[in-house]
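Engineer: Work the whole structure out from these sequences, hints included.
Residues per chain are reported as follows:
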Amino acid sequence: MKKMKEKEMAIVASVLCKTYQVNEIKVEVLKDVNLDVEEGEFTVIDGASGSGKTTLLNIIGGIDKPTSGSIMVFDENIEDKNEDFMATFRCKSIGFVFQSYNLISTLTMAENVAFPMEWLRKPQEQIEKRVEELLDIVGLRHRAEHFPYQLSGGEQQRVAFARALANDPPLLLVDEPTGNLDTTTSLKIIDILGKLKGDGKTIIVATHDDRIFKLADQKLRLEDGKLVKRNE
Amino acid sequence: MSETFFSLNDLLRRKLQTALVIASLALCVASTLFLLLLGDKIGFGILSMAENRLTASFSTVFSRFITFASLLIFIVGVVIVYFMVFVMMSQRVRDIGLMKAAGCPNDLIFGYFMNELVIIALAGCLLGVVLGVVADYASGFLLRSVGMQVVQGSINLWLDLLVFVIFFLLSLIAGVKPILNTTRVESVKALSPSFSFGLSKESDFKGVAKAGLTLKLAVRSLFRRKSATLRIILCLTSVFILITVAVAGGIVAKQTTKSWVERAVGKEIILIAHHDVGNQYRLLLSKFHEPAEASAFNYADEKYFIPSEILTRLESVSGISIDRRFIIEASVEEVQVYVLGTETTGTTTVGDHRKGVSLVVGVEPEKALGRWFLYGESLDKDDALEVMVGDTLAQKIFGTPLVQNMTLLAKSLRVISVCIDPINNGNVTYVPLKTLQNATGILVPNIVMVKINDSADRGTVLAQINTMVKAVNPDFEALELDQTLDENLGLLDYMWSMIMFLPMFCLSAAAMCLVGYVILAINEQRQEFGVLRAVGAKPSAVIKIVGAQNLLILLSSWATGIALGTMITLLILVPEPTVTSYTVIEIAVWLLAAMVAIFILSLYPVLRFSKKPILSTLAQP
Chain S
645 MKKMKEKEMA IVASVLCKTY QVNEIKVEVL KDVNLDVEEG EFTVIDGASG
695 SGKTTLLNII GGIDKPTSGS IMVFDENIED KNEDFMATFR CKSIGFVFQS
745 YNLISTLTMA ENVAFPMEWL RKPQEQIEKR VEELLDIVGL RHRAEHFPYQ
795 LSGGEQQRVA FARALANDPP LLLVDEPTGN LDTTTSLKII DILGKLKGDG
845 KTIIVATHDD RIFKLADQKL RLEDGKLVKR NE
Chain W
750 MSETFFSLND LLRRKLQTAL VIASLALCVA STLFLLLLGD KIGFGILSMA
800 ENRLTASFST VFSRFITFAS LLIFIVGVVI VYFMVFVMMS QRVRDIGLMK
850 AAGCPNDLIF GYFMNELVII ALAGCLLGVV LGVVADYASG FLLRSVGMQV
900 VQGSINLWLD LLVFVIFFLL SLIAGVKPIL NTTRVESVKA LSPSFSFGLS
950 KESDFKGVAK AGLTLKLAVR SLFRRKSATL RIILCLTSVF ILITVAVAGG
1000 IVAKQTTKSW VERAVGKEII LIAHHDVGNQ YRLLLSKFHE PAEASAFNYA
1050 DEKYFIPSEI LTRLESVSGI SIDRRFIIEA SVEEVQVYVL GTETTGTTTV
1100 GDHRKGVSLV VGVEPEKALG RWFLYGESLD KDDALEVMVG DTLAQKIFGT
1150 PLVQNMTLLA KSLRVISVCI DPINNGNVTY VPLKTLQNAT GILVPNIVMV
1200 KINDSADRGT VLAQINTMVK AVNPDFEALE LDQTLDENLG LLDYMWSMIM
1250 FLPMFCLSAA AMCLVGYVIL AINEQRQEFG VLRAVGAKPS AVIKIVGAQN
1300 LLILLSSWAT GIALGTMITL LILVPEPTVT SYTVIEIAVW LLAAMVAIFI
1350 LSLYPVLRFS KKPILSTLAQ P
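Chains as they are written, first to last, in our numbering: chain S, 645 to 876; chain W, 750 to 1370.
In short, the hints are calculated from the structure, not lab data. All clues stand as given, with none of them false.
Derived DMTMM-like pairs (lysine to aspartate or glutamate); straight-line CA-CA distance at most 20 Å:
1) W:Lys1116 with W:Asp1132
2) W:Lys1360 with S:Glu727
3) W:Lys1293 with S:Asp728
4) W:Lys1287 with S:Glu723
5) S:Lys841 with S:Glu652
6) S:Lys736 with S:Glu683
7) W:Lys1361 with S:Glu723
8) W:Lys1287 with S:Glu762
9) W:Lys1007 with W:Asp1231
10) W:Lys1016 with W:Glu1236
11) S:Lys773 with S:Glu762
12) W:Lys1293 with S:Glu762
13) W:Lys1287 with S:Asp708
14) S:Lys863 with S:Glu652
15) W:Lys1361 with S:Asp724
16) W:Lys1200 with W:Glu1064
17) S:Lys858 with S:Asp826
18) W:Lys1361 with S:Glu727
19) W:Lys1361 with S:Asp728
20) W:Lys1287 with S:Glu727
21) W:Lys1361 with S:Asp708
22) W:Lys1293 with S:Glu727
23) W:Lys1183 with W:Glu1078
24) S:Lys736 with S:Glu769
25) W:Lys1287 with S:Glu720
26) W:Lys1360 with S:Asp708
27) W:Lys1360 with S:Asp728
28) S:Lys736 with S:Asp843
29) W:Lys1287 with S:Asp728
30) W:Lys1360 with S:Asp724
31) W:Lys1360 with S:Glu723
32) W:Lys1287 with S:Asp724
33) W:Lys1016 with W:Asp1203
34) W:Lys1200 with W:Glu1058
Here are the in silico distance ranges between beta carbons for each label pair:
35) S:Glu727 with W:Ser1246: 39 to 49 Å
36) S:Asn726 with W:Ala1342: 31 to 41 Å
37) W:Ala851 with S:Asp719: 44 to 54 Å
Which chain W residues stay away from chain S? Per the calculated CB distances, all over 12 Å, these:
38) Phe755
39) Val828
40) Cys853
Glycine included, every Cβ here is placed at the ideal spot set by N, Cα and C.
Structural biologist: Here it is, written out as structure tokens:
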């Protein structure tokens, strides 16, 4: 899956391995994974449960480290960077959408969307304007002052998208975005993904949902820890 | 799996939390035991020791202080134990939910956790007794190293056992309720994250919306854990009341009692007397800080009278104040009186005919250098038939001294005041000099107190007086009383500094409680902190949020504790306290240091947590 024009690459992962040690047993989750993603490309990865999709996304997002191999994200070699650098890097360049939404329960929807911008000390007016804009995009402006427990799962997932886009990151990592949702709500999420693809974002989605594959430029599958092209 | 095995296993699985509960319980037990043992040495036994050391008023202050501090420590102990068991159970709510969902009966679950409580109470109380005894030995060693005669007896097994049993039972009683409450929770509720950690429902508190993210998250999380937050604030408030009483009370009482001594003896006073009288006078003064039996001494021997030439020459020395005194030892007797009842027209008998032997000091009221702390009026007439009695004498042979008379040398004298004076342990009677001269027929003083005025060169004047006294009669000498005064003040210093051990114990126990609360808070928020970090927060941001929570809790309990503690100290513990601006600063620095120390310690769990990889914090508990 190596591509020729490396200067336009958003992600270049080479021979990535990830092994977990559970007592005496070694579990190899990723084995010699190579992955190239061009800027603006929509990549979809599927695989059986426990195949390592989330682990791969975590490594790309810098919240987990590979056991061996190298990974470049926007020309930054992220596996040897310290925690503070990675925090700022994630805040500016990577938007994360978790499978279980992971909104902060003590913050309202608007505050949940705003806080990644507050880490970067953006002016308050700019933050407020951006929050309104993002909540409009996901269709939840009227729920801005509600707390997470007052929203449905689908609504929380849409807010999670808005939060991931707060600092307008060029890369979006999305983990099972429709895994916990009903069909109608899933379609709204897929619609958001389609809009984001249109905006030119680099997107990697780990999913089992065939409807999302229709948006994909690159379709991959994790099988026994190895990343392979997905057969149609 | 047996109940004991389950309990031991569960406790060992949560090493830090288990250690915290045991340590905080041990510190409560240790501080109570230490205070009781210390009280045995200098406090509760003090009234019976008044004959040999200190005076009645000092004993009262110490006794009241120690009794009150014991009571407070006991209350704090109960609150801390209750809180720690609550925290312990909050951390197990989810497990209990799982056990119930799997079909484990309530009584078995109760048995498991009661076993844990018994193990913890046993370990904590045993450790506390050991720690208390060690602290007592350490304080005894310190007191002896500074020259105090403290008898370190064998280990007081009965007292140790009493404290152990009381705290053991107390732990079980305080701990049963949180365990019962938790085991009664339905499994659905127990498994819900919104119920565990003391959350009864999701919070919709929107306060501090305009504040920064750190403060917003901190405040809202505190409100979210309302019941746990209120409990820790209550717990820390009671600890801060105790610390304030111990620190502020200790410092104010130290200043006050020291000022009593300084005012009575006077600072930089020079005593001119025959060297035998001088030694005797110093012995009488030092009885305050070391038990000493003065042998019979005939103060009225002519050889002890101050030669008139010394008196004449002293008067020609400029820059000094002179206070002539005549001291003797004499029998005194209480005079019984009848007073009119306030509500009836009948009379009430006050006092009896108790007798005693007192040091009697004749002073010229307007020239006296002592500025006694006294109840009643001061002596102000040269030949009045009035006396001022020391507090110990007043307590020993009078019922209501200020309405009674005293018979001294066949004269009936009205008691007009009770003063606090360390000389002869407060067994002293001050009489106008002329009245005493009339009663004894001796017109010559046997001691002269001299104070060199601030405007004069002390060294030169002192040398001049010394030379003059020796030239007139080499048996006479000029003695500086400051050394004896310092020894008396030193005793008070050391006694109060022993009491300062208390805040340290309480401080450590309070820190443990807060650390326990912080662990609970982090467990509750761990996933959210993981999300914050995954989205771009630095580890320091998590530290700031938890730090802000700790600070808010500490500030609220600190302010309440200090306000209540200060009121207790000033209104109940120390009568007419001496509070200078320096005292206020000293207290403020101590209390601030206490808060800062607890705050720093409370950051330990979050510092540890912030080093964990993001993935492990994101994982479901």
